[in-house]
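Knowing the structure of chain D, use the given hints to seat chain H on it.
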Amino acid sequence: SQTIHQWPATLVQPVGSPLSLECTVEGTSNPNLYWYRQAAGRGLQLLFYSIGIDQISSEVPQNLSASRPQDRQFILSSKKLLLSDSGFYLCAWSQTIKGNEQFFGPGTRLTVL
Amino acid sequence: SQQGEEDPQALSIQEGENATMNCSYKTSINNLQWYRQNSGRGLVHLILIRSNEREKHSGRLRVTLDTSKKSSSLLITASRAADTASYFCATDVWDKIIFGKGTRLHILP
Chain D
1 SQTIHQWPAT LVQPVGSPLS LECTVEGTSN PNLYWYRQAA GRGLQLLFYS IGIDQISSEV
61 PQNLSASRPQ DRQFILSSKK LLLSDSGFYL CAWSQTIKGN EQFFGPGTRL TVL
Chain H
1 SQQGEEDPQA LSIQEGENAT MNCSYKTSIN NLQWYRQNSG RGLVHLILIR SNEREKHSGR
61 LRVTLDTSKK SSSLLITASR AADTASYFCA TDVWDKIIFG KGTRLHILP
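Here the protein sequences come in this chain order: D and H.
Position 69 (the first sequence) corresponds to 69 in the numbering used here; numbering is contiguous.
Position 41 (the second sequence) corresponds to 41 in the numbering used here; numbering is contiguous.
If you are wondering where the hints come from, they were derived from the structure by calculation, not from laboratory data.
Note that beta-carbon positions come from the ideal geometry of N, C-alpha and C, so glycine has one too.
Watch out, some of these pointers could steer you wrong.
[Said to hold, decoys possible] Each computed DSBU-like pair below joins lysine-lysine, with the alpha-carbon atoms no more than 30 Å apart:
id, chain 1, residue 1, chain 2, residue 2
1, H, K70, H, K56
2, H, K56, H, K101
3, H, K26, H, K69
4, H, K26, D, K80
5, H, K26, H, K56
6, H, K96, H, K70
7, D, K79, H, K101
8, H, K56, D, K79
9, H, K69, H, K96
10, H, K96, H, K26
11, H, K96, D, K80
12, H, K96, H, K56
[Claimed, not checked] One-sided and incomplete, this derived list gives chain H residues near chain D with beta-carbon spacing under 8 Å:
id, residue
13, Q33
14, R36
15, L43
16, H45
17, I49
18, G59
19, F88
20, K96
21, I97
22, F99
23, G100
24, K101
25, G102
Next up, chain H with everything else stripped away, as it sits in the complex:
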């Protein structure tokens, strides 16, 4: 069964705008991670937020976590063409990490 579900499935925005992606999950977690995947490449870890944290920043990335709603959001500010990629949330379930299906982000010039 799917643990994490990203929303929306696809998102197109103009360069310079902010992009927001959401992730909902089903069971309690210890932490939640966000990864980026450029087309045809492996995944790259972006940020990890622990269950006792509510917000975390890394450069132009801002991640929030609401454990009461079992949801997280990833905000990319001042988007660039290089941000075009798929973004996945991943939650730890027992002894492994489960990835969602991802949000495909397309930055328009």
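Just chain D, with the same shape it has in the complex:
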């Protein structure tokens, strides 16, 4: 069976510090991968998605970046965090881009102080 992991579960970082969130998927190959951000009490904002290694599409211009160094690893990074980067970050995978359900990780709660 497939599983998706995210870490860390929670993170408190000062403004201006770097960020690295990791997501890994097990039990499937060549998944489509997604990073979402969810502000408190709000919906999901798609940040990045990837259909393959080193193939990243950015949805929202910001100070975040994503990388996919391996087939089942997706990393969200920032060189300098802003207060507005606080939120709940969710990683998800799917078999195809369109028409398939997405499977979500447990999320990372990021607080930027």
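Chain H only, in chain D's frame:
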């Protein structure tokens, strides 16, 4: 721009009652999905309905789709305390899925 919009934003009902949530969208779709999110957790897929389907059932869930009105509804029958969660509709737009802002459902004991 927001593709799917859920209505109402929040809903409180007594345990045992039925809960209905609606989703409206703007552009043509191939399918529409509903997800549930418990507080502080990831989303869980509930049901997918294709554009050529009008109604779909899964356990206590019933989803309808009206493509002429660009709307969908999620009905949860005989609600339970464990149904307390946020519910999101998601529509496919080009090569990605767009989520609405969700309906927060609270089941009262």
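Quick rundown of the hints versus the structure:
no. : hint           : in the structure
1   : H:K70 x H:K56  : holds, 16 Å
2   : H:K56 x H:K101 : holds, 22 Å
3   : H:K26 x H:K69  : holds, 10 Å
4   : H:K26 x D:K80  : violated, 36 Å
5   : H:K26 x H:K56  : holds, 21 Å
6   : H:K96 x H:K70  : holds, 18 Å
7   : D:K79 x H:K101 : holds, 29 Å
8   : H:K56 x D:K79  : violated, 46 Å
9   : H:K69 x H:K96  : holds, 22 Å
10  : H:K96 x H:K26  : holds, 15 Å
11  : H:K96 x D:K80  : holds, 28 Å
12  : H:K96 x H:K56  : holds, 23 Å
13  : Q33            : holds, 6 Å
14  : R36            : violated, 11 Å
15  : L43            : holds, 5 Å
16  : H45            : holds, 4 Å
17  : I49            : violated, 11 Å
18  : G59            : violated, 16 Å
19  : F88            : holds, 7 Å
20  : K96            : holds, 6 Å
21  : I97            : holds, 6 Å
22  : F99            : holds, 4 Å
23  : G100           : holds, 6 Å
24  : K101           : holds, 4 Å
25  : G102           : holds, 6 Å
Figure legend: structure checked against the earlier numbered hints; hints not met, in rising order: 4, 8, 14, 17, 18.
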